[in-house]
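Undergrad: Chains as they are written, first to last, in the working numbering: chain C, 286 to 608; chain X, 5 to 346.
Don't take every hint at face value.
Straight-line distance between alpha carbons at most 30 angstroms, and here's what the computed DSS-like set of lysine-lysine pairs gives [stated by the list, open to error]:
1) C:460 x C:294
2) X:206 x C:530
3) C:538 x X:210
Honestly, the hints are just simulated from the structure, not real lab data.
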Amino acid sequence: MSDPILQVKGLKKHFGGTSGLMGRNKFTIKAVDGIDFEVGRGETVGLVGESGCGKTTAGRTIMRLYDPTAGEIIYDGVDIAKASPAALKGLRSQMQMIFQDPYASLNPKHTVGKIVAAPFEIHNIEPEGGVKRAVQDLLDRVGLNPEHINRFPHEFSGGQRQRIGIARALALRPKLIIADEPVSALDVSIQAQVVNLLDDLQEEFGLSYVFVAHDLSVVQHISDRVVVMYLGKVMEIAPTEPLFKTPHHPYTKALLSAVPVPDPEIERKRERIQMTGELPSPANPPQGCVFNTRCWKAQDICRSTAPALVQIGASQVACHFPD
Amino acid sequence: MKPFLEVKDLSVAFTTEDGKVQATDSVTFSLNLGETLAIVGESGSGKSVSSMAIMGLHNRHRTDISGEIYLNLDSGAVEINSAEEEVIRKLRGNQMAMIFQDPMSSLHPYYTINNQISEAWLLHNKGDKKAARARTLEMLDLVGIPDPHKRIDEYPHQFSGGMRQRVMIAMALVNNPKLLIADEPTTALDVTVQAEILSLIKDMQKEFNTAVLLITHDMGVVAAVADRINVMYAGRLVEQGPIDDVFYHPAHPYTVGLLGSIPRVDEFHGGRLKAIQGQPPSLINLPTGCAFRERCEFASHVPGNLCATTRPESTEKGANRQSRCHLSIADIERISAERSAK
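Pulled out of the complex, with its shape left as it was, chain X reads as follows:
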């Protein structure tokens, strides 16, 4: 069976006063129904830009988009980048939906929860306000809002941060979309609430067999909920694979650095954190070669001057795994082992 979402060579660029910003470059991946794919990376790495492109939210007049984004619906495939706005509007909220980091600014402060969720349902369904209200109630109950009969007529400010995110999830799922994009859905929440929201997303996924695209910077969140992971750096996918492979045998030095730099609650070493030196490059006029090379601890092990001259292409590094690095996984593991032996 074809994956529900297929992204092929997606590149998005913005023209600014300072020059052309290549926000994403040749991003290729796919996502199946019932599966959770995490996209991780630093701010500016292109995570959100990619997901906005999938939702068809970029302004086509001001954005330079190339590549293809296929949604393989029961009724046939739709390619988002070339589809009419009218077609995308029918898919948005219906086949694909998005939840954002900040539930306060994504809900309208002047309308009740019933107004807002009903509106989303009425856009894509035939029915009256009464039916919409019934559906809203059902959703609020499903996402675990206590006392939904009372809370349905309340306003967003009367809800706590966690409850607001539940409302957002209810709204996103009211039309049973096949794809849910969650852009940093728990970053603004306390850890205790984060755990609840993550398990709610998991439960909803089981219930509706949704494909979930989870955008996050938190590797702990990835380990808790994702099946596969895409690591982005400077607009490109530098590594892709199932989470266990990527966590235990990373195939890109940036992933190695990322995993090494995070402190863990279950480890006590008290020493220094292994920080990645330097900063991400500007996306205007990226240097030739590998964008990560100036921060890379492995670049000196690559023969010739390959990292500076040749941009690594995405290559197979085992079953279902790709990375953009001139080194193999075996090389990376050997060099890491040598280094820790010192």
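Isolated chain C (complex conformation):
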């Protein structure tokens, strides 16, 4: 890819902890354990996987809400993995985040006006036409009534609150938005409204998205490319259509086969791949390929050697025996 907005190289985020009497046992959770991917300008990259696969940690580490353990985060040509807090503050005007829970991510004591104006205040920016005008424009842009500027979050529904969060993220005209499960707390009919809004805003402002979500139907709809994660590692990266039509990694196949389709006839004919066993703990991931304990194709090599990402057609796959 030429000139991507974001390149993630060998990114790792390990969390340390202790357990047992007097904290005698030390353990390391390898939440993100060496992932590589890129995000093109104006592109949406979906980050998917089961809970505990590291997708949220990856998003937060890219935002530098966490300090990475290792690896590079190259934003617009500059590695920000070790950038100082002062340098980060400048960067945050270009990278913004939208959170899952529209109830927890807005200060209940602040008016909508204050919440959406906060980025201007923090970055000491006086927008053209004044802060109030800018805030009202933003509210209007995300489909809220600009006259509601003095209302408090509790006066809005879940979907409207998510729009407030989106308005705040857009205030400084960022180039990259990391959206962590932005629609999963919303009702289906409201979900579609917010997904459409994100689509429109991307076109209007040329935004790039990293879209972290567990709902594969939404990810399929919104993403240009998809990164499938399992236990902190990347299993497969591919443009959306080939990933969903011809998955190469056994894990991708199993994951897709589990998603129910709202069509009774198709559901009656579908066959589900049953994975054996349970998701291992990220504190003690399996040797070799992390998926080997649940994989029906696993051989000796899978239990000893971790496969590297290799190109198959349009896809990149980390598997010794890809389909």
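Place chain X on chain C using the hints.
TA: Quick look at chain X alone, frame taken from chain C:
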């Protein structure tokens, strides 16, 4: 044969500071043994309130309940709304049981799995702790918990989300209830685990011929497991029917909107989703007429000002089908076709 569960004109209202909230209004449906009925709708549409009423879980002093709920047991019919608390307590867990969305907060963190499932069994059966333990083991094995002899003495936190939901199912089914109410049983779980839990519920249903009332917001889940579907909106059942009919020939504009607004993993169009505009109405002082009319794309096709003035009653729209809409299925299909032709 009479259906096992019959709900007739069930209305539940709560009095709040802001006024009376009509959570469900004239809900009527029935459910047979061995059958799965899905109730779908948005948050606040009255799905859970209805199922809590069936379980007799509403506080009668603070809730305004009218209508009838019959459980047609072998020993005769029992009407839940008028039954003594003592009678309901004997039915709950024994004839009807419920599993919830969040298995962590529905299990007691301080007691072992054996304690909790045994307690449920001992409530309704004569026997000692040893017999209860044996029954618990049998259930854990049945719901597919590996190594049940070891895990029976563990605590809920030692189980994963999916395994906890299996424990909940084991507990709910320990007394062979005839009715299982599953309130968003897989919403908190990963898709892979969801698929396993859904197939477990199906297997258990086959084994015990249970009537399953599945409350969900996920139309994919409905398509995968349900026989019939009830669609709720603003406290009322707006459409009822067998799943194939409802999915392929919806009889209510809300159902049309719901099915159109969900992206699918097996379709690639990349265009905009057909979102339902606006938001559900407040359940305090619902406007006259149809509660959905302000979001409805079909309302302009209804002659007169019928949608604004007259609340549509539940009417027959074919075999085993009802909907609350002034339009017929043929009208809805014709208007949809005209619209997509444009």
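Undergrad: All the hints need checking, so say for each whether the structure fits it.
TA: Against the structure, the hints come out as follows:
1. Straight-line distance between C-alpha atoms of residue 460 of chain C and residue 294 of chain C comes to about 20 angstroms, which keeps the hinted pair within the 30 angstroms bound.
2. For the given pair, residue 206 of chain X sits about 28 angstroms from residue 530 of chain C by alpha-carbon distance, which is consistent with the 30 angstroms threshold.
3. Simply put, residue 538 of chain C and residue 210 of chain X have alpha-carbon atoms about 28 angstroms apart, close enough for the 30 angstroms limit, and the pair holds.
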